[in-house]
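Residue numbers (the working numbering), protein chains in the order written: chain A, 1 to 143; chain B, 1 to 531.
In case anyone wonders, no lab produced these hints; they're calculated from the structure. Model, not experiment: these values are computed from the prediction. Check each hint, because a few of them may be wrong.
Per label pair, the in silico range of CB-to-CB distance [as the list claims (entries may be wrong)]:
| # | chain 1 | residue 1 | chain 2 | residue 2 | range |
| --- | --- | --- | --- | --- | --- |
| 1 | B | Arg72 | A | Glu127 | 39 to 45 angstroms |
| 2 | B | Glu244 | A | Pro104 | 47 to 53 angstroms |
| 3 | A | Arg37 | B | Leu103 | 27 to 33 angstroms |
| 4 | A | Arg37 | B | Asn292 | 32 to 38 angstroms |
| 5 | B | Ala478 | A | Ala110 | 44 to 50 angstroms |
| 6 | A | Ala110 | B | Asn292 | 55 to 61 angstroms |
| 7 | A | Ala117 | B | Glu122 | 43 to 49 angstroms |
Ideal Cβ positions, reconstructed from N, Cα and C, are used throughout, including at glycine.
Each chain, letter by letter, is given below.
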Amino acid sequence: MSAASFSTSATPIRVLVAKPGLDGHDRGAKVIARALRDAGMEVIYTGLRQTPEQVVNAALQEDVEFIGLSILSGAHTAIIPRVMKLLEEKEMDDVRVVLGGIIPDEDIDAMKRLGVAAVFQPGTPLESIITFIRENRRDREIS
Amino acid sequence: MQVRPDRSRTLSGTPVEKVYTRDRLSDFDPSADLGDPGGFPFTRGIHADMYRGKQWTMRQFSGFAAPEETNRRYRYLLEHGQTGLSVAFDLPTLMGYDADDPLAAGEVGKCGVAISSLADMEELFRDIPLAEVTTSMTITSSAAILWAMYLVVAEKQGADWARLSGTIQNDILKEYMAQKEYIYPPRPSMRLVVDTLEFGAGNTPKFNPISISGYHIREAGATALQELVFTLGAGVEYVKWAVERGLQIDRFAPRLSFFFDVHSDFFEEIAKFRAARKIWARLMRDRFGAKNERSWKLRFHAQTAGVSLTAQQPRVNLVRTAIQALAAVLGGAQSLHTNSLDEAYALPTEEAALLALRTQQVLACETGVIEAADPFGGSYFLERLTLDLEKGFFEQLEKIEAMGGMVTAVENGYPQAEIARSSYEFQKSIEEGRRRIVGVNAYVEEEHEPIPTLSIDHTVAEKQSAKLAKLRSERDNAAVTRALDNLGRAAEGDTNLMFPILDAVRAYATLGEMCDVLRGVFGVYSEQSAV
Numbered sequence: 001m002s003a004a005s006f007s008t009s010a011t012p013i014r015v016l017v018a019k020p021g022l023d024g025h026d027r028g029a030k031v032i033a034r035a036l037r038d039a040g041m042e043v044i045y046t047g048l049r050q051t052p053e054q055v056v057n058a059a060l061q062e063d064v065e066f067i068g069l070s071i072l073s074g075a076h077t078a079i080i081p082r083v084m085k086l087l088e089e090k091e092m093d094d095v096r097v098v099l100g101g102i103i104p105d106e107d108i109d110a111m112k113r114l115g116v117a118a119v120f121q122p123g124t125p126l127e128s129i130i131t132f133i134r135e136n137r138r139d140r141e142i143s
Numbered sequence: 001m002q003v004r005p006d007r008s009r010t011l012s013g014t015p016v017e018k019v020y021t022r023d024r025l026s027d028f029d030p031s032a033d034l035g036d037p038g039g040f041p042f043t044r045g046i047h048a049d050m051y052r053g054k055q056w057t058m059r060q061f062s063g064f065a066a067p068e069e070t071n072r073r074y075r076y077l078l079e080h081g082q083t084g085l086s087v088a089f090d091l092p093t094l095m096g097y098d099a100d101d102p103l104a105a106g107e108v109g110k111c112g113v114a115i116s117s118l119a120d121m122e123e124l125f126r127d128i129p130l131a132e133v134t135t136s137m138t139i140t141s142s143a144a145i146l147w148a149m150y151l152v153v154a155e156k157q158g159a160d161w162a163r164l165s166g167t168i169q170n171d172i173l174k175e176y177m178a179q180k181e182y183i184y185p186p187r188p189s190m191r192l193v194v195d196t197l198e199f200g201a202g203n204t205p206k207f208n209p210i211s212i213s214g215y216h217i218r219e220a221g222a223t224a225l226q227e228l229v230f231t232l233g234a235g236v237e238y239v240k241w242a243v244e245r246g247l248q249i250d251r252f253a254p255r256l257s258f259f260f261d262v263h264s265d266f267f268e269e270i271a272k273f274r275a276a277r278k279i280w281a282r283l284m285r286d287r288f289g290a291k292n293e294r295s296w297k298l299r300f301h302a303q304t305a306g307v308s309l310t311a312q313q314p315r316v317n318l319v320r321t322a323i324q325a326l327a328a329v330l331g332g333a334q335s336l337h338t339n340s341l342d343e344a345y346a347l348p349t350e351e352a353a354l355l356a357l358r359t360q361q362v363l364a365c366e367t368g369v370i371e372a373a374d375p376f377g378g379s380y381f382l383e384r385l386t387l388d389l390e391k392g393f394f395e396q397l398e399k400i401e402a403m404g405g406m407v408t409a410v411e412n413g414y415p416q417a418e419i420a421r422s423s424y425e426f427q428k429s430i431e432e433g434r435r436r437i438v439g440v441n442a443y444v445e446e447e448h449e450p451i452p453t454l455s456i457d458h459t460v461a462e463k464q465s466a467k468l469a470k471l472r473s474e475r476d477n478a479a480v481t482r483a484l485d486n487l488g489r490a491a492e493g494d495t496n497l498m499f500p501i502l503d504a505v506r507a508y509a510t511l512g513e514m515c516d517v518l519r520g521v522f523g524v525y526s527e528q529s530a531v
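If we strip away everything but chain A, and leave its shape as in the complex, we get (with noise of 0.2 angstroms):
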């Protein structure tokens, strides 16, 4: 083992994917999670059809840093201001909210005013996303 793996930032990463709204185009999600897997993060993949509230309920259990979101429906317009809002609601504030699927570019301001941290559009490389979600975890204290 390196010297590295005992600081804190060797802890884990633990993500959420998860897939809300009725879409059942998973090939992304999947894609993702398993990328994020491989890149040495804890994922857990919530599976299909998920309200806002199973999506915020489930990273309060599973205690992730961040949660990802696959939407391309069009449905983000509707579903990430709801899943702020319960984060916000549940002092979830620590926890970083990533969106990736089919976002118009007119909509990327407006995901960000929301909270969302990054919109990740078609064609983005899966390393670009994993570097994002390293170098973007919120400092947390060991217990």
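With chain A held as given, fit chain B onto it using these hints.
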């Protein structure tokens, strides 16, 4: 380190040699493996004169927002030379929820047109004579209900059901495998499919009650061989279930239709279509004992690969689509959809949709590829690819049969896991530079030039909900309740559900109301979500 692109494999990973000669075809028997166009085993196509006798149907998949908007797009496409309609429904419709259901929030009219009742269906086909067009409807879990709505609209237009021509997708097995828009568990869903096959055989002799679909399987990440295995494997399963119901094979098999992806590997795709026809002909004649030649013929619709479209340099997608469309035509497709260049971003604009249609028209009018049937027949390379796909298919089919057939394989998550594995492998090959995609990891441009995209009117959900409220207050609600009660009782028994569904549709029961009844009887399905 510079990674050398892996040029010596097909898109699906099959090794390709430098050159193919006669020596590579020692196991090839032209009379048994090839035959003539229009003759068994139909490797060279299902018609002797192929496109000279009947050109493929140019069928652009389209649907968005409220029925009125989609109706306008249909009439636009028909005016510009499109020859068949193809309806895209929104997610609530696919999942059997009305537009005013809380679960439909944010989804109404987004990925297709919103249809909650017969009233919406009447609006969708306003001024389009259903006896004269052919209509394909991409609907599966709720297919029986949407088909019933279509039939009632035709009935009201005075069109004879026996003259109606078109297709409903209705391929539930691929939902569990790939598209994941399932509602009920696999076995009651299979019963609904067999109900539609039975109903179709007796009432709508020119309508395809199923389109057994590899498209979604391929788009979810399968290889060309996996697309063949899981699609034709599903076909075998439907035939087995229908025969068990007591349907005579030649009564329903001529109306089984297929739907494949046409991806970027030009020769592999042509070989896939040829192998599919040959495999199906052999299965139907030799295994199931079909006597009618029409039962042996695999007819298919093809759609260019949505998954191959890139967000980067989106105009290049026009080139990809044109080459894929050429492969579909050389592979003998009966019907074709060409994707629009803007579909990595959104549903297509009218301009992009027209350009996609024009791509097919250029192929048909200007290139000469429609003149001779199966022009690549006898090519050492293509015949080798075709034989290898066929062999691979029968090996894999045996494996699935050993598991207990496709329904059991699906319940155990086997195709799902295989497809996920292939899709991850594919993504890694791009990330590692072993496979090159223009604009993604080759010839990358830093500048991102935006293209115009279609945005959906955000008031669609509100408008559709208001229509539903009005419908519920104006219709004969006692008749609706009676029809829904009948449907529930029929679902508990084993009579064909198409008849009680038609009655409920005529009474203006909504899609959500009918699906709720069936959800109550059949239960709902959720998959084990392994990564």
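Outcome of the hint check:
In this structure the supplied range 39 to 45 angstroms holds for arginine 72/B paired with glutamate 127/A, their Cβ-Cβ distance being about 44 angstroms. Taking 47 to 53 angstroms as the suggested C-beta distance range, the pair glutamate 244/B and proline 104/A conforms, at roughly 48 angstroms. Distance hint check: the CB atoms of arginine 37/A and leucine 103/B are about 30 angstroms apart, consistent with the given range 27 to 33 angstroms. Range check, arginine 37/A to asparagine 292/B: about 51 angstroms between beta-carbon atoms, so the 32 to 38 angstroms window is missed.
As the Cβ distance of alanine 478/B to alanine 110/A is approximately 47 angstroms, the hint placing it in 44 to 50 angstroms holds. Hint check: alanine 110/A to asparagine 292/B, Cβ distance near 58 angstroms, so the stated range 55 to 61 angstroms holds. For alanine 117/A and glutamate 122/B, the Cβ-Cβ distance of about 46 angstroms falls inside the hinted range of 43 to 49 angstroms, so the restraint holds.
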